[in-house]
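Protein chains: 2
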Amino acid sequence: MLIAVDAVGGDHYPERPVQGAVNAANEFDNIEILLVGPEDLIKKELDQLEYSSNKINILHAPEIIGMQDSAASAVKQKRNSSITRGISAHKQGECAAFVSAGNTGALLAASMFLLGKLDGVIRPTIAATYPTLKGISLLVDAGANLELKPEMYLQFAKMCKIFSSEIMNVENPTVGLLNVGEEPEKGTDLHKEVHKLLSDFPGFQGNIEGKDILYGKTDIYLSDGFTGNVLLKFGESIPDILFQMLSKTMQEKGADQETRQTVLGMINDTMHAFNYEHVGGIPFLGVNGMSLVGHGGSSVEAIKNMILNAAKCVENQVNHKIVNSLNN
Amino acid sequence: MLIAVDAVGGDHYPERPVQGAVNAANEFDNIEILLVGPEDLIKKELDQLEYSSNKINILHAPEIIGMQDSAASAVKQKRNSSITRGISAHKQGECAAFVSAGNTGALLAASMFLLGKLDGVIRPTIAATYPTLKGISLLVDAGANLELKPEMYLQFAKMCKIFSSEIMNVENPTVGLLNVGEEPEKGTDLHKEVHKLLSDFPGFQGNIEGKDILYGKTDIYLSDGFTGNVLLKFGESIPDILFQMLSKTMQEKGADQETRQTVLGMINDTMHAFNYEHVGGIPFLGVNGMSLVGHGGSSVEAIKNMILNAAKCVENQVNHKIVNSLNN
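If you read the protein sequences in the order shown, they are chains A and B. Throughout the first sequence, residue numbering follows the numbering used here, covering 1 to 328 in sequence. Throughout the second sequence, residue numbering follows the numbering used here, covering 1 to 328 in sequence.
Warning: the hint list may mix true and false statements.
Said to hold, decoys possible - BS3-like mimics (lysine-lysine), calculated; alpha carbons at most 30 Å apart, straight line:
#1 K248(A) - K321(B)
#2 K211(B) - K134(A)
#3 K149(A) - K196(B)
#4 K134(B) - K186(B)
#5 K192(A) - K233(A)
#6 K186(B) - K192(A)
#7 K211(A) - K211(B)
#8 K248(A) - K248(B)
#9 K186(B) - K149(B)
#10 K211(B) - K217(A)
#11 K149(A) - K211(A)
#12 K312(B) - K43(B)
#13 K312(B) - K55(B)
#14 K44(B) - K186(A)
#15 K321(B) - K134(B)
#16 K149(B) - K211(B)
#17 K248(A) - K149(B)
#18 K134(B) - K233(A)
#19 K192(A) - K211(A)
#20 K253(A) - K134(B)
#21 K211(A) - K134(B)
#22 K196(B) - K134(A)
#23 K233(B) - K217(B)
#24 K233(B) - K134(B)
#25 K149(A) - K196(A)
Hints in this document: simulated from the structure, not taken from any laboratory. Nothing here was measured: the structure is a model prediction, and the numbers come from that model.
Turn these sequences into a full structure, and let the hints guide you.
Okay, here's the thing in structure tokens:
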């Protein structure tokens, strides 16, 4: 299966995307790679790596969309970018999926514009993986749609359930509606309506509150994209904040070198759960194609896992299952 | 100054409220207390304490509003409750303020219904104190108003600035608008409008994101009450989650007893910042009176500090300053 990889996406290109892609191809017989980006940059990086040349291909795309570029850049200003060329190649059936650790807004815009929506989808969405005491939950929407209509919550629940069970191997995923209280009558009129709409939905556990998130109360957390985005970024700040707060405490207490190492070591191991590396990327759910985005800071391991996730989405016919779920 | 204290509010009544009130009266010459609640319950508790009887008074209120009672209970079903009687006494000028660690919804409803709004206020609000790397920021609205109009953001900013400078002793408090990105054009149409409306507001630092909150980027975080409530409860869950996650890590690593004590001790000291005890309660800003609410789990120390905060609000003429700020 040929997976296109954005060679110039994220904060550490071309090293990490190229290395991650090569690792995926080296480790998995069924994976072939199409590296998308400036050819010279990619070749220079590949020169330093060992790989089987018949499994690594290059699609030249001279332009680079930076992390600060606007969402519209991919479809308006930079049509020769890795994102636009890569998704176009996927659209034309040249590869099974496109993955990138690059600009999420530009990726979403290009995916929507070039690939379109799956049959029956109101709006595609992006779910974030959220670390919890129990493992990993999905938080949807994570910023693609700031305001939602009630039907969108239901569709997002359906799409996430498929991703959760097919790709994350969760049996019978549970769903919670993020709200300001547990009772069905809590929240805005919108939330009350959504609660009603979801009441018969298999796996729906009712409202969940902010305090339930880190405990992993349900496998899927439904939220508007505004609150979801705030929570996503808040969560990502926790490990660094904790390090800083702890370092301050230990300085104040005059802790010795050994104590500092012990404490920070344990925190480091614990915060590993907040590391997005193991999860890899997340697809734009509802898009008529397979386009995955990873964190800008993705490691080589994260890039490799994103490629494997993409392959798994294709093999498990995630999009086909989404269409069936939405239209039945 | 006579401060009325809800003797049956919170998760630990009557012990903590009564003890906190007695401590405040014992430690501060200018503080006198009016304990509101079932007389027999209060007297039984007072019997165990040492205090100067001319500084502690009782207002009998036979009914108790539980933490699970509806917001309307205070103004509809339970008119002889400590909350309703206490706020009524304040309304009639019998005491300078009313404080409670009880049901926030019922307290807000009773305060709104019995005391009304200050001149020029669209909607009263409640700000939460949020621990950060720099100290404590105010998060407003924390759940009283789930959806806001642009003008409400501006009023909340004005009211919080007064509370922050007068009561929390912050010089020239800074204000940030919680949003999904830093740039002024980020967010919903509402957020763009609010950003414009605040652009000339003294201390306004523009948009802040979820990742900025724990760093204490500004002294005041403006948010709709839905997102604010989710963030508030999320933050409160962090200390326990961290303890559980760390305990799990240490068990997996086979850490010895000494290591466990060292690590959990440091975490305990660090998480002290997330403890609401030092802050005491927060007033309903914009209400025509002085009504403060504290966390249901408030300690004796927190109750005492809430009483001191109430006195400080009265002394510093917080309401007078709010009216001036809103109408100029």
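Do the hints match the structure? See the list:
In summary, the hint linking K248(A) to K321(B) is not supported, as the alpha carbons are separated by about 37 Å, beyond the 30 Å threshold. Our distance criterion of 30 Å between C-alpha atoms is met by K211(B) and K134(A), whose separation comes to about 23 Å. Pair hint K149(A) plus K196(B) holds up; C-alpha atoms about 26 Å apart against a cutoff of 30 Å. A C-alpha spacing of about 26 Å is found between K134(B) and K186(B), which places the hinted pair at or below 30 Å, so the restraint holds.
Distance hint between K192(A) and K233(A) is fulfilled; the C-alpha atoms sit about 26 Å from each other, no more than 30 Å. For a cut-off of 30 Å, the pair hint linking K186(B) to K192(A) stands: about 27 Å separates their Cα positions. A C-alpha spacing of about 18 Å is found between K211(A) and K211(B), which places the hinted pair at or below 30 Å, so the restraint holds. Taken as a hint, the K248(A) and K248(B) pair is honoured in the structure, with Cα atoms around 24 Å apart against an allowance of 30 Å.
Straight-line distance between C-alpha atoms of K186(B) and K149(B) comes to about 17 Å, which keeps the hinted pair within the 30 Å bound. Between K211(B) and K217(A), the direct Cα distance comes to roughly 23 Å. Compliance with the 30 Å bound is thereby established for this hinted pair. At most 30 Å may separate the alpha-carbon atoms for a hinted pair to count; K149(A) and K211(A) meet this at roughly 25 Å. At roughly 28 Å between alpha-carbon atoms, K312(B) and K43(B) fall within 30 Å of each other, so this suggested pair holds.
At roughly 18 Å between alpha-carbon atoms, K312(B) and K55(B) fall within 30 Å of each other, so this suggested pair holds. Annotation: proposed proximity of K44(B) to K186(A) is violated, straight-line Cα distance about 38 Å (limit 30 Å). Restraint check for K321(B) and K134(B): satisfied, since their Cα atoms lie roughly 27 Å apart, inside the 30 Å limit. Between K149(B) and K211(B), the direct Cα distance comes to roughly 25 Å. Compliance with the 30 Å bound is thereby established for this hinted pair.
A distance of roughly 40 Å separates the Cα atoms of K248(A) and K149(B); the hinted pair therefore is violated under the 30 Å criterion. Taking the CA atoms of K134(B) and K233(A), the gap is about 19 Å. The hint holds against a cut of 30 Å. For the given pair, K192(A) sits about 20 Å from K211(A) by alpha-carbon distance, which is consistent with the 30 Å threshold. Proposed proximity of K253(A) and K134(B) is supported: the alpha carbons are some 18 Å apart, at most 30 Å.
The hinted pair formed by K211(A) and K134(B) meets the criterion: a straight-line CA distance of about 23 Å does not exceed 30 Å. For the suggested pair K196(B) and K134(A), the alpha carbons sit about 42 Å apart, so the restraint of at most 30 Å is broken. Proximity of K233(B) to K217(B) is assessed by CA-CA distance (about 20 Å); at most 30 Å being required, the pair is judged to hold. Distance restraint check for K233(B) and K134(B): the Cα-Cα separation of roughly 20 Å lies within the 30 Å cut-off, and the hinted pair is therefore satisfied.
Taken as a hint, the K149(A) and K196(A) pair is honoured in the structure, with Cα atoms around 13 Å apart against an allowance of 30 Å.
Checked against the numbered hints above, the structure violates hints 1, 14, 17 and 22; every other hint is satisfied.
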